[in-house]
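K.L.:
Use the sequences and the hints to build the structure in full.
Note that the UniProt record's numbering gives residue 17 to position 17 of the sequence shown, counting from 1, and the numbers run on in steps of one.
Not one of these hints is a red herring.
25 Å max Cα-Cα, derived SDA-like pairs, lysine to any residue: (1) 80 - 60; (2) 35 - 60; (3) 142 - 127; (4) 137 - 102; (5) 81 - 140; (6) 81 - 43; (7) 62 - 73.
Quick caveat, the hints were computed from the structure, so don't treat them as lab data. If you're wondering where the values come from, they're calculated on a predicted model, not measured in any experiment.
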Amino acid sequence: MPKDHILFTAQKTLDVPGSMDATNSALPKLPGDAKNLIIGGMNDNTVLGGVRATASNGFSAKNVIGIGINGTDAIDELKKKESGFFGSMLPSPDKEGYNTALYMYKWVTEGVEPPKYTAMDDVTLITRANFQEVLTKIGLWK
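P.N.:
See below:
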């Protein structure tokens, strides 16, 4: 992929409105022939804002692939028949939640500082095709 097709943009906030603003300011920097976009962000809401901004700037949902992180913030978007939001990387709540609590407990009670980085390698891509099934298995879908 050509370097001029990869854009990074600063975000004031990590929510949908903040991401929409950031994406709207970045889109004019795209080369004129750019028609297909991949949107990533540090959570579902940053990707949702990017997807909404591309839609309001005339990009078809078929030409946008947005993949978020978390899963549960994207449920309403995944219920839609079509949008540029393709899916979300859902971390293992029991593993990641348990590990976070354990690290914090050891830090507070024993002075053992948690690692600066831990890989989240137990994730599931949830999409329109599987989100209900995946979320039902972990008790997040009724």
